[in-house]
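Participant: Chains as they are written, first to last, in my numbering: chain V, -4 to 318; chain U, -4 to 318; chain F, -4 to 318; chain Z, -4 to 318; chain X, -4 to 318.
Possibly wrong hints are sitting among the right ones.
Which copy is meant is left open, because identical chains are indistinguishable; a pair holds if it fits in one copy or across any two.
Pairs of lysine-lysine residues, derived as DSS-like cross-links and limited to a Cα-Cα distance of at most 25 Å, are as follows [claimed, not checked]:
1) K315 with K253
2) K8 with K130
3) K65 with K183
4) K83 with K190
5) K313 with K65
6) K259 with K204
In short, the hints are calculated from the structure, not lab data.
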Amino acid sequence: MEIIAFGEHLFYKQSQPNAEEIKTLLEGDHKFWLNVTETKDSALLQELSEVFDIHSMALNDIKEKRQRPKIEEYNHFILIVVQMLYSKNHGLDIESEQVSIILGKNYVITFQETPFDIFDQIRVRLENPHGRMRKLGTDYFAYALIDAIVDEYYLLLENITDRIEILEDSIISQDRKVRLSEIYHQRKYIQQIKKVIWPTRELLSIWRKLENPLIKKRTSPFINDVYEQTVEIIENLEMQRESITTLVEIFMTDISLKQNEVMKTLTIIATIFIPLTFLAGVYGMNFEFMPELSWKYGYWLTWLVFIGISAIMVFYFKRKKWF
Amino acid sequence: MEIIAFGEHLFYKQSQPNAEEIKTLLEGDHKFWLNVTETKDSALLQELSEVFDIHSMALNDIKEKRQRPKIEEYNHFILIVVQMLYSKNHGLDIESEQVSIILGKNYVITFQETPFDIFDQIRVRLENPHGRMRKLGTDYFAYALIDAIVDEYYLLLENITDRIEILEDSIISQDRKVRLSEIYHQRKYIQQIKKVIWPTRELLSIWRKLENPLIKKRTSPFINDVYEQTVEIIENLEMQRESITTLVEIFMTDISLKQNEVMKTLTIIATIFIPLTFLAGVYGMNFEFMPELSWKYGYWLTWLVFIGISAIMVFYFKRKKWF
Amino acid sequence: MEIIAFGEHLFYKQSQPNAEEIKTLLEGDHKFWLNVTETKDSALLQELSEVFDIHSMALNDIKEKRQRPKIEEYNHFILIVVQMLYSKNHGLDIESEQVSIILGKNYVITFQETPFDIFDQIRVRLENPHGRMRKLGTDYFAYALIDAIVDEYYLLLENITDRIEILEDSIISQDRKVRLSEIYHQRKYIQQIKKVIWPTRELLSIWRKLENPLIKKRTSPFINDVYEQTVEIIENLEMQRESITTLVEIFMTDISLKQNEVMKTLTIIATIFIPLTFLAGVYGMNFEFMPELSWKYGYWLTWLVFIGISAIMVFYFKRKKWF
Amino acid sequence: MEIIAFGEHLFYKQSQPNAEEIKTLLEGDHKFWLNVTETKDSALLQELSEVFDIHSMALNDIKEKRQRPKIEEYNHFILIVVQMLYSKNHGLDIESEQVSIILGKNYVITFQETPFDIFDQIRVRLENPHGRMRKLGTDYFAYALIDAIVDEYYLLLENITDRIEILEDSIISQDRKVRLSEIYHQRKYIQQIKKVIWPTRELLSIWRKLENPLIKKRTSPFINDVYEQTVEIIENLEMQRESITTLVEIFMTDISLKQNEVMKTLTIIATIFIPLTFLAGVYGMNFEFMPELSWKYGYWLTWLVFIGISAIMVFYFKRKKWF
Amino acid sequence: MEIIAFGEHLFYKQSQPNAEEIKTLLEGDHKFWLNVTETKDSALLQELSEVFDIHSMALNDIKEKRQRPKIEEYNHFILIVVQMLYSKNHGLDIESEQVSIILGKNYVITFQETPFDIFDQIRVRLENPHGRMRKLGTDYFAYALIDAIVDEYYLLLENITDRIEILEDSIISQDRKVRLSEIYHQRKYIQQIKKVIWPTRELLSIWRKLENPLIKKRTSPFINDVYEQTVEIIENLEMQRESITTLVEIFMTDISLKQNEVMKTLTIIATIFIPLTFLAGVYGMNFEFMPELSWKYGYWLTWLVFIGISAIMVFYFKRKKWF
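So that you can see chain V by itself, here it is in the shape it has in the complex (with noise of 0.2 Å):
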């Protein structure tokens, strides 16, 4: 747990504030960031709902993990719940986790399990006395706080992106193997990002319509902006999503075109060579009356035959256009 005090001309950062220290913030004219980490802490939570006047269904959802990102109007303060994704493993894993943000006339409080990097960026641009942050109200800190997630979204499209690039080059160059578990694997990706992009993108739609006194008008640009992102990511995870089924299409076809050239091969070698083998076989039988096997020119004779049916066979193949 750790607060942050902000004003114009004021930063000042203080870890593991006591209720006390709060109150009197709360009470104060600045503007305030209480980032709380230990979300597993019933007893710290508890206490924080009562300086707050935090209903219990906010608190529970703040409690409850993996909610379905949503932006709710309370008495006197707005509950907006997110999700952070980033990849893990080398992006062969998406994670995420649970950003509930709780913003107040002169407060913002941020719930999350671990630190992430985002917030240290959130941080150091505070720190910045001439930055937009420390001049305009909490709404522009929570947009930042969304804004700094949405971001991150990007680059989970940007790694699907290429991850779909690099199927694409070896499906249509035929040169590599294609395991087809990466192709579900970013097919799976892509539903993970759009189940919490699609209520988040609803979440920034509310909120632009939002008539409620803490939300000030000099905002709705910026939530616009992100709201378009949003828009953005999707229309393009959608693009995404339509170049993995052609892909896959694309892959079942050549896979039915490279059995066909085999079944193709093997009909012609052995259309041609069966019945000639069975017409050796013929003179290869022992009966003691067998006419053509004295012939002085029997066995150029056969031969001639065996080329004859070849010759008709490879130019029967040939107007079929086999090969």
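Given chain V, put chains U, F, Z and X in place with the hints provided.
Facilitator: This is chains U, F, Z and X only, laid out in the frame that chain V set:
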């Protein structure tokens, strides 16, 4: 049939109440819950419909089974019809049971065919004198019933998610034999739950907007919460449905790939040995005049030809990347 | 043509009434139902259109067959066109018959081509002096007609559901031979019913919102009920359609799996015996100088080679998990 | 260019009217129809645009071909652009021709490239002094033109429905050879008609709601009627499109089934005879020491083995239900 | 950077104007167009943003590349961001270039990276003293720019349509070899254009409804026209996308049909000759006691059997309609 009268300081339970007792309660100040399990007893239903002045259309809805979940306003009560879903035979079948709820000014009547565990939970919660259920109105009680029913859907969803993950592992690892019927059944279950949850979501959406003196403002955040749970379940079902589609596709592609491999093996072996067998057959012919047969190195030359043809074939297949 | 005048204390039936009789009834106080089966008799229709002052557009709609179900308000009546669906040839064909209903202040006129059983039921219900039909207005009567028609759709739906379940069993158990045309026909039936029920649902949705003195408030719960029945039928048809899609997919996958098995059998047998046959062919050649032929254990050595090659092949296939 | 002035008691026709004559009519009381077929004659169009005060944007729409059907209100007239569709080369091609209609207070101007039959019908109907066309206003006349055009779409729809039914019979009966290109062309036609009919439906939907002094209330049931015709055509096209999809699916499944059968035949014959041929080959070898060869019943024993192996194979295939 | 001041009687062009000159124009009465190509020159953009008082969010949108097309109202100007699309490498790649347009009271500023031909056309049209561009306001000028950009999309659409038609011919005629990657690329291009044109359509839809003093009523028919063009392009893209889907399907079916034919050929030849070869092998065996070998007509009888078996097989295949 069981009746429970309750209030902030009251908890009173009675089995098989008669019409007189119910009427006394109805005209009294206390809230009460009447749970009817004898929904096939037409006479009883008729009697109740007279006591509570239930419209004939509402009575029909209660009697008929497997109705589409819905909410309907009547003069002095609200009728809610929902479907309880639970899995039977170790998750191999999904059964549904209709629960009709009549929400009146100071009473809630529930109609069900068989006693469920979840109703026991409600009973336990009612016994707690400090619970919300005792303090808040009948609309909160109706909410609690629906919330309990929707919670059961989560169990089914988890069951399906688990089974699909097993299917996924089987297909991607190619280890175990995948039963197509299993995929088919999971799809059916998703369909069955969707068929119930879509109208339930609709019902809750209507409830949210209902302007009815029986619905107090206080309960609206709770209704919002169940509503969002239904939305989440629907999204998850949709995701699972997509997963299945992808899995079937991968399964099909995998079959094609294996078929391809089988065909290649056959083609390679057959195209190499069929011509050779033909040649061996030729020199197995019994013509009297076959000059090669008496050549000194005829046999060894033939082997050279055998090896040469094989080598050319292998080289050809290598270039085609068949192995 | 048959006319039935009815009221709370009246039930009067007459076949082939003439224009004068109809006019007298029309100007009287009693409600009456005029059922016209001679829809091809233009002269009669013309006469009726003059008696009831039917707009020429409405008359056209009545005359033309296979119209899209619709509801249209005219000055002094409402025209409802619906389609009666029933199965013929033991469920192998779906036939449709148009029923046009004109709902006036104190009369309902129905136009149909052939007499149906369901109209007999209506007649029977009318004879009951305590039935709702006798007490409520002409709008309730029109509702009852449509309700009877929609009930028939349920029969068709059940028929389809049964047949699809049989198909399902056949495909999953792989026992019986599945006829593709059967799947195709079930799909066609679903399409046919949907084509009729969608506009019927629309029609009822319009009726619900109609502000017309001919429609009393009292009948609105009844209309709501039929409307919901149509929604339910549509949902069920959609589910059946999805089931068919899944079944076809499973059927296709099953064919592929079987093909795979067939190919493996062929490949295993062929790749084992083709090389062996070649070898046998080699020692069947008649070259004069083939040293192996005179070896004492040549024959047994060859058998050793035969067995060795087979063993290697079998081992290879085992490792590939082909059997 | 042809002008027809008409009224309840008037019918007057003139070819190639000059500007003066048109102006006189324009300022007169009579309704008139000006049919322009010289849409490539820019000078003429310019002249007309001055006489009727046509906005340059409207003139552009008239000149340009293959426009999206639309309706646009201008100061003193309404511009309607529709597409006439007709089949050419015995239903093998669908051609479209643009018809622009300008609906003014007492005039209707139509612009078309080539004279159609349907415009002759209109002319004939105009000659009938008792027809509605003579009595009602110019908006009814515009309706009649569009109605005639939409009626032509029905012909195309029937054409497609017929051909798809033939395809259906061919595929299900497996009698005739199905040409894939035929399926492809039917799909294209459906697309082409849909591309024209969707905006036409939209146009009529706008017309229905148009509040413009040029549109009288009296014509609204007629417009409703054409509108519903377009809806019906769209629904039918959709059904046909679905039928084609199902047919292609059945066709594909059928190919797979046949392939399966072919492969089974091959596999059965090959797996039975290949091992036998090997065995025959073994005893065709010329080793000097092959004890079996001199057994008295060696030959008959071999036949026993042949028959034994075949019987085992046949039994195996029977159990696998391959035939 | 180039500035063109224009009015009904004015046309004045200047390269690289300085801030003072721009300010003078800005405060003057004349309309002017400032075309900025140095969008990477931050200092210049900063200077311009001060001269024209451009909001920092708008400046960001101008600087960032590949933005989603959009329209945004600011205090004293409207920002429009669109994407110019053109094909490169003979239609093998689609490149996009962002064009940002600032529409002010008496000025239009365009920001682009590279000079396009279409802007030269605009310049030429501006030089024409009788053109609409000189007479109408800056909103008409902005419309003309977007119209020119949308016109370019048509070229791309035509390009795609042509290529798909070639693909279609190749697939249906089965003449040329179809490259799957070609199909894939056409799909990608369609996706790319759709990604740009959907938001452009949205943008124009917003523009149509915009109530802003900068937008005069006079230009609304023009905006309507571009809007409809975008709708038409979208519809055409959708049609092309569907065509591709159908083509791929036909392609797949065609492969299956060919495979079927190949397999039939193999099966016919193999099933006829494999049993015969076996029989020939039997009589090639060297058993000492094979009575048939010494029959006088043994050889000819064997040929009879050969021909008999073949005839039966051919008859069987004929009946199965395999050839």
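Participant: Taking the hints in turn, state whether each one holds.
Facilitator: Okay, the hints, checked on the actual structure:
In this assembly of identical chains, the alpha carbons of K315 and K253 lie at most 25 Å apart whether taken from the same copy (18 Å) or from different copies (10 Å). Proximity of K8 and K130 under a CA criterion of 25 Å is satisfied intra-copy only: 17 Å inside one chain copy versus 43 Å between copies. For the identical chains of this complex, K65 and K183 are intra-copy neighbours only, at 23 Å inside a copy versus 31 Å across copies, given an alpha-carbon limit of 25 Å. Taking the shortest alpha-carbon separations for K83 and K190, only the intra-copy value of 18 Å comes in at or below 25 Å, while the best inter-copy value is 30 Å.
When the C-alpha separation of K313 and K65 is checked against a cutoff of 25 Å, the pair qualifies neither within a copy, at 67 Å, nor between copies, at 55 Å. In this assembly of identical chains, K259 and K204 lie within 25 Å of each other by CA distance neither inside one copy nor across copies; the values are 65 Å within and 63 Å between.
Taken one by one, the earlier hints fail for this structure at numbers 5, 6, listed in ascending order.
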